[in-house]
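Sequence order for the protein chains is V and Z.
Okay, so the first sequence: first residue is 0 according to numbering that gives the first Met the number 0, each after it adds one.
Okay, so the second sequence: first residue is 0 according to numbering that gives the first Met the number 0, each after it adds one.
These are calculated hints, taken from the structure and not from any lab test.
Each hint should be verified, as a subset may be incorrect.
Given that identical chains are not distinguished, each listed pair holds provided it fits within a single copy or across any two copies.
[Unchecked claim] Below, in silico cross-link-like pairs of lysine to aspartate or glutamate (EDC-like), each with a Cα-Cα straight-line distance of 20 Å or less:
#1 243 to 308
#2 8 to 185
#3 243 to 109
#4 243 to 414
#5 8 to 74
Note that this is a predicted model, so its numbers are computed, not measured.
There are 2 protein chains.
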Amino acid sequence: MSELAQEMKAMGEAARRAARILALSDADQRTRAIAAMSAAIADDTAEILDANAHDVAAARAAGLAAPLIDRLTLDAAAVAAMANGVDTIARIADPLGEVMARWTRPNGLDIARVRVPIGVLAVIYESRPNVTADAAALAVRAGNAVILRGGSEALHSARAIHAAIEQGLVSANLPAEAVQLVKTADRAAVGLILSGLDGAVDLIVPRGGRSLVERVAAEARAPVLGHLEGVCHTYVHAAADPVKARDIVLNAKLRRVSVCGATETLLLDEAGAARLLPQIAEALLNAGCELRGDATAQTLVPRMNVASDADWYAEYLAPILSVRVVPDLDAAVEHITRYGSGHTDAIVTEDDAAAEAFLARVDSAIVLRNASTQFADGGEFGFGGEIGISTSKLHARGPVGAEQLTTYKYVVRGDGQIRP
Amino acid sequence: MSELAQEMKAMGEAARRAARILALSDADQRTRAIAAMSAAIADDTAEILDANAHDVAAARAAGLAAPLIDRLTLDAAAVAAMANGVDTIARIADPLGEVMARWTRPNGLDIARVRVPIGVLAVIYESRPNVTADAAALAVRAGNAVILRGGSEALHSARAIHAAIEQGLVSANLPAEAVQLVKTADRAAVGLILSGLDGAVDLIVPRGGRSLVERVAAEARAPVLGHLEGVCHTYVHAAADPVKARDIVLNAKLRRVSVCGATETLLLDEAGAARLLPQIAEALLNAGCELRGDATAQTLVPRMNVASDADWYAEYLAPILSVRVVPDLDAAVEHITRYGSGHTDAIVTEDDAAAEAFLARVDSAIVLRNASTQFADGGEFGFGGEIGISTSKLHARGPVGAEQLTTYKYVVRGDGQIRP
Numbered sequence: 000m001s002e003l004a005q006e007m008k009a010m011g012e013a014a015r016r017a018a019r020i021l022a023l024s025d026a027d028q029r030t031r032a033i034a035a036m037s038a039a040i041a042d043d044t045a046e047i048l049d050a051n052a053h054d055v056a057a058a059r060a061a062g063l064a065a066p067l068i069d070r071l072t073l074d075a076a077a078v079a080a081m082a083n084g085v086d087t088i089a090r091i092a093d094p095l096g097e098v099m100a101r102w103t104r105p106n107g108l109d110i111a112r113v114r115v116p117i118g119v120l121a122v123i124y125e126s127r128p129n130v131t132a133d134a135a136a137l138a139v140r141a142g143n144a145v146i147l148r149g150g151s152e153a154l155h156s157a158r159a160i161h162a163a164i165e166q167g168l169v170s171a172n173l174p175a176e177a178v179q180l181v182k183t184a185d186r187a188a189v190g191l192i193l194s195g196l197d198g199a200v201d202l203i204v205p206r207g208g209r210s211l212v213e214r215v216a217a218e219a220r221a222p223v224l225g226h227l228e229g230v231c232h233t234y235v236h237a238a239a240d241p242v243k244a245r246d247i248v249l250n251a252k253l254r255r256v257s258v259c260g261a262t263e264t265l266l267l268d269e270a271g272a273a274r275l276l277p278q279i280a281e282a283l284l285n286a287g288c289e290l291r292g293d294a295t296a297q298t299l300v301p302r303m304n305v306a307s308d309a310d311w312y313a314e315y316l317a318p319i320l321s322v323r324v325v326p327d328l329d330a331a332v333e334h335i336t337r338y339g340s341g342h343t344d345a346i347v348t349e350d351d352a353a354a355e356a357f358l359a360r361v362d363s364a365i366v367l368r369n370a371s372t373q374f375a376d377g378g379e380f381g382f383g384g385e386i387g388i389s390t391s392k393l394h395a396r397g398p399v400g401a402e403q404l405t406t407y408k409y410v411v412r413g414d415g416q417i418r419p
Numbered sequence: 000m001s002e003l004a005q006e007m008k009a010m011g012e013a014a015r016r017a018a019r020i021l022a023l024s025d026a027d028q029r030t031r032a033i034a035a036m037s038a039a040i041a042d043d044t045a046e047i048l049d050a051n052a053h054d055v056a057a058a059r060a061a062g063l064a065a066p067l068i069d070r071l072t073l074d075a076a077a078v079a080a081m082a083n084g085v086d087t088i089a090r091i092a093d094p095l096g097e098v099m100a101r102w103t104r105p106n107g108l109d110i111a112r113v114r115v116p117i118g119v120l121a122v123i124y125e126s127r128p129n130v131t132a133d134a135a136a137l138a139v140r141a142g143n144a145v146i147l148r149g150g151s152e153a154l155h156s157a158r159a160i161h162a163a164i165e166q167g168l169v170s171a172n173l174p175a176e177a178v179q180l181v182k183t184a185d186r187a188a189v190g191l192i193l194s195g196l197d198g199a200v201d202l203i204v205p206r207g208g209r210s211l212v213e214r215v216a217a218e219a220r221a222p223v224l225g226h227l228e229g230v231c232h233t234y235v236h237a238a239a240d241p242v243k244a245r246d247i248v249l250n251a252k253l254r255r256v257s258v259c260g261a262t263e264t265l266l267l268d269e270a271g272a273a274r275l276l277p278q279i280a281e282a283l284l285n286a287g288c289e290l291r292g293d294a295t296a297q298t299l300v301p302r303m304n305v306a307s308d309a310d311w312y313a314e315y316l317a318p319i320l321s322v323r324v325v326p327d328l329d330a331a332v333e334h335i336t337r338y339g340s341g342h343t344d345a346i347v348t349e350d351d352a353a354a355e356a357f358l359a360r361v362d363s364a365i366v367l368r369n370a371s372t373q374f375a376d377g378g379e380f381g382f383g384g385e386i387g388i389s390t391s392k393l394h395a396r397g398p399v400g401a402e403q404l405t406t407y408k409y410v411v412r413g414d415g416q417i418r419p
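Make a model of the complete structure from these sequences and hints.
In structure tokens:
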């Protein structure tokens, strides 16, 4: 076994031991630990910014793309926001011990379904430094130990943030090994995590682009909470209010173009397109968004480029929107079913029956009426934070907060029952 | 692509189409379909018994082991029980559409977490013919389409049962393709299912022994609901009532030795062993159970064989029980954590504090106080039936009934909200 493999195996064993302690810790102790993590991050702002400057300089020297450097770069406000995000997680309701259901059987057995931690998580992510803090806080809130493996270009930042997290854990008498950071840039570490570390990892959470997702799908030997791309749709129904439609589409596409909840395709009813599309398109074009439409859409908005079939599958993460005019709600649902990624899809309409039909028939993690798809976010849902948006149908779907990082067990209390 | 691969791909596509119809069917329609399946199974008793006699004769001719032939063989009472089991599933509460949680955000967004079907299930099982009926009924109750692949030795029986299921679906105007049976004995069909049939399969449920579980772990490219072995423990604490302890251990081990909830290891406190073990052991030995103990247990019960380390890991599924005397509750929990499979574990004690400590600290799908581990069963939990007991920590843990075969989506209703 290589030295790295030995180190990672020891990390898995330490995480398992820490998980047993965390599972039996009380909510107050975990709250104190998370609040102390937040305070330590704020206190260590200078160290974190120093470390981050080191990462950013190395990234510039290596010629990394500007958006990547943007995602990597911290300033004092960003560190304060990170500390504040962790503090929010300290304040949310503790999920553990909740009796999710309880009933008594005719034979007198008392059965309770009780929320418990999953155990050991492994989060594999890329360059955003705040993920180190968010993932640690959410894991501990849910009573899990976690092994963090961030992008190598953010390693100095991650080490500095992790040092603050360890301070928080120790100050609340929780084991420092509850949150461990892989401190090598060696990509073999990812392969070892995906192997499950001899059964020590209960759940792998990948947060990254397509190449990471594909590697995880091919190599993972432990359960994975899938986070795939967001090919999100906004469907403007014939009975849409034109102002709401314009404002929602503009926000859903352009508020931030790089998030997975950004709308990538606009669908409009044939019956409403002439009334609704021109003003929506004008607002988008004025804001610098490229439009790629089908023939009908192009007729209504001549400044639109032509969309190919590939556009309906595209997650642009850029100021580009594909536009299609469909005969009716059936066709809109059919388009979303065929081309969508099951992430987040919205209808804009004042017609209650059409809205409810859309909400029932579109099989996505999040379906919305008369609201921006950019609300696909754990914070916006009131979860206090999120580790990502799951497009998996199993275990957790949609925003993954602390509650989604738990499982349950059945606690059965009897007084001597035997089975006939 | 082979002819089989083409057939299986078409099956996946048909299942996907059927799943869409099922997801929008109403509860009454699914109830009528399941009740009609039950009636058709009862009506077709003669055909099912004929087909089964064919399977049993072939199994005898092939020299299959007696327990396998036992599991395969049906009589009129078994068919009636199968019809009755399906009817029970028709009568349980429909899980779909349940609003699991609903809240309003400060910006007025109304967020509901609503229970919806998973989509397309694939159940891979072995020789028990009743699984064909149970899996079909539970899948349809939860609004899922299902592809069934039973053991080749039970293929004639499965075809006859499946014909009755199709009648039930069609009589309620649901698509026959909601429940499809793989009608070939070719084992390549299992490989194709494990490949996920081009994304058509949302969840694979394997029900079988170690070789199936290992094949699934190695080959599956769709999510799997794990069902591993049950190395279950009954821990007789020093403060146990001796009569309850004897009756519970006898039942937990011997009621049926072949079920995954059967106790395989008896743990006793040092402080109580001399008082409690001799009478428990005598009852077990008189009932024909072999005992394999550690040195202390052997001193107390001379007619006990010696246990090796392998015995602590063993899922005997036979009238054999390993017996270990431990210093205290800590050591009992440690033993279960090390050797158990996270399935079902029980404590027998009159001491409330000890009981609650055990229930909190043992991280298994089901933990019991003063009751037989053989209660690990969906029917005994009141689920109306089960497709197995999940030892996975993700998605569903413990008995998997209709509710566990669902997922949820978030339905968000707004009136024009955009994200700042």
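* Taking each numbered hint in turn, which are not upheld by the structure, reported in ascending numerical order? -> 1 and 5
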